[in-house]
Amino acid sequence: GAVVSQHPSWVICKSGTSVKIECRSLDFQATTMFWYRQFPKQSLMLMATSNEGSKATYEQGVEKDKFLINHASLTLSTLTVTSAHPEDSSFYICSAQRGLSNYGYTFGSGTRLTVV
Amino acid sequence: GENVEQHPSTLSVQEGDSAVIKCTYSDSASNYFPWYKQELGKRPQLIIDIRSNVGEKKDQRIAVTLNKTAKHFSLHITETQPEDSAVYFCAASKAAGNKLTFGGGTRVLVKP
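Sequences listed follow chains A and B, in order. Per this note's numbering, the very first residue in the first sequence carries number 134; after that it's consecutive. Per this note's numbering, the very first residue in the second sequence carries number 988; after that it's consecutive.
Just so you know, these hints were derived from the structure itself, not from any lab. Worth double-checking, as some hints may not be accurate.
Unchecked claim - Straight-line alpha carbon distances no greater than 30 Å define the calculated DSSO-like cross-link-like pairs of lysine-lysine that follow:
hint, chain 1, residue 1, chain 2, residue 2
1, A, LYS174, B, LYS1081
2, B, LYS1058, A, LYS174
3, B, LYS1044, B, LYS1024
4, B, LYS1029, A, LYS147
5, A, LYS174, B, LYS1044
6, A, LYS153, B, LYS1058
7, A, LYS188, B, LYS1029
8, A, LYS174, B, LYS1029
Stated by the list, open to error - Label pairs and their in silico Cβ distance ranges:
hint, chain 1, residue 1, chain 2, residue 2, range
9, B, ASP1004, A, LYS147, 46 to 52 Å
10, A, SER216, B, LYS1055, 21 to 27 Å
11, A, GLU220, B, HIS1059, 32 to 38 Å
12, A, LEU201, B, SER1005, 34 to 40 Å
13, B, LYS1045, A, SER216, 48 to 54 Å
Glycine included, C-beta positions come from ideal geometry on N, C-alpha and C.
Please construct the entire structure, taking both the sequences and the accompanying hints into account.
And the structure:
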């Protein structure tokens, strides 16, 4: 079945530094990648949607200059949290969709980010 | 945009009993309704989904019903087992390339 590999699974960084999270679709081409953030005991909140070769579309309230998304190929999308602060500590998870159908969203395994 | 509400937020059942979780959505154009099970620190795991051209779908102990007119859908788990304990999320999306909007989640505890 479809697999999305997400790395790292957890990361601890110092306040003010940047962290890059990668999601790779291993056996399919991810036309669209969704990036979610999940705070403890809360739901998944969409941060942005990216299509290969295009600029990402950010949800209201999400700073595009802080959360940089790159989807340069059909198998790789990255999220960079720039100038991270403790309030950015969260569980970040990607979800890939193949083709032009809403048949199936394949989730990465998530990244636990802790900013100290 | 789409808004998905989910109830209850917590649900405690005795092993062997049934559990029902309900969701409502706001956008009548939504046509895909998946349910996910998420364990602590893990990715959401699809357990069942339903499309708007179907009213009910069943897979062993799990069933989902959809009422398009009322814009609500429900998850039914029968003969619950301790391993069913997790957080369950409903979601909705409406077209190709569209995002999934999640409900707030239901924390299910199955007591042995």
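ask   = Given a hinted range of 34 to 40 Å, is it respected by the beta-carbon distance of LEU201 (chain A) and SER1005 (chain B)?
value = Cβ of LEU201 (chain A) to Cβ of SER1005 (chain B): about 46 Å, so the range 34 to 40 Å is violated.
ask   = Quick one, are LYS1029 (chain B) and LYS147 (chain A) close enough, alpha carbons at most 30 Å?
value = This hinted pair holds, its Cα atoms lying about 24 Å apart.
message = Hinted pair, alpha-carbon criterion (30 Å max): LYS174 (chain A), LYS1029 (chain B). Please report holds or violated.
response = holds (13 Å)
request  = Below or equal to 30 Å on CA atoms is what counts here, so check LYS153 (chain A) against LYS1058 (chain B).
outcome  = Outside the cut-off at roughly 39 Å; violated.
Pairwise hint evaluation, LYS1081 (chain B) against LYS174 (chain A), where the allowed Cα distance is 30 Å at most = With Cα atoms ~26 Å apart, LYS174 (chain A) and LYS1081 (chain B) stay inside 30 Å; holds.
query = Within 30 Å, alpha carbon to alpha carbon, are LYS174 (chain A) and LYS1044 (chain B)?
reply = Distance ~29 Å between LYS174 (chain A) and LYS1044 (chain B) Cα, so the pair holds.
ask   = Taking 21 to 27 Å as the hint, is the beta-carbon distance of SER216 (chain A) and LYS1055 (chain B) inside that range?
value = violated (45 Å)
query = Honestly, do ASP1004 (chain B) and LYS147 (chain A) meet the 46 to 52 Å range at C-beta?
reply = holds (48 Å)
ask   = GLU220 (chain A) and HIS1059 (chain B), beta-carbon distance inside 32 to 38 Å?
value = Cβ of GLU220 (chain A) to Cβ of HIS1059 (chain B): about 34 Å, so the range 32 to 38 Å holds.
query = In this structure, is the beta-carbon distance linking LYS1045 (chain B) and SER216 (chain A) contained in 48 to 54 Å?
reply = holds (49 Å)
Distance restraint between LYS1044 (chain B) and LYS1024 (chain B), which requires alpha-carbon spacing of 30 Å or less = At roughly 17 Å apart (the allowed maximum being 30 Å), LYS1024 (chain B) and LYS1044 (chain B) satisfy the hint.
ask   = Is the straight-line distance between the alpha-carbon of LYS188 (chain A) and that of LYS1029 (chain B) 30 Å or less?
value = This hinted pair holds, its Cα atoms lying about 28 Å apart.
Consistency with the previously given hints fails for numbers 6, 10 and 12, ordered from lowest to highest.
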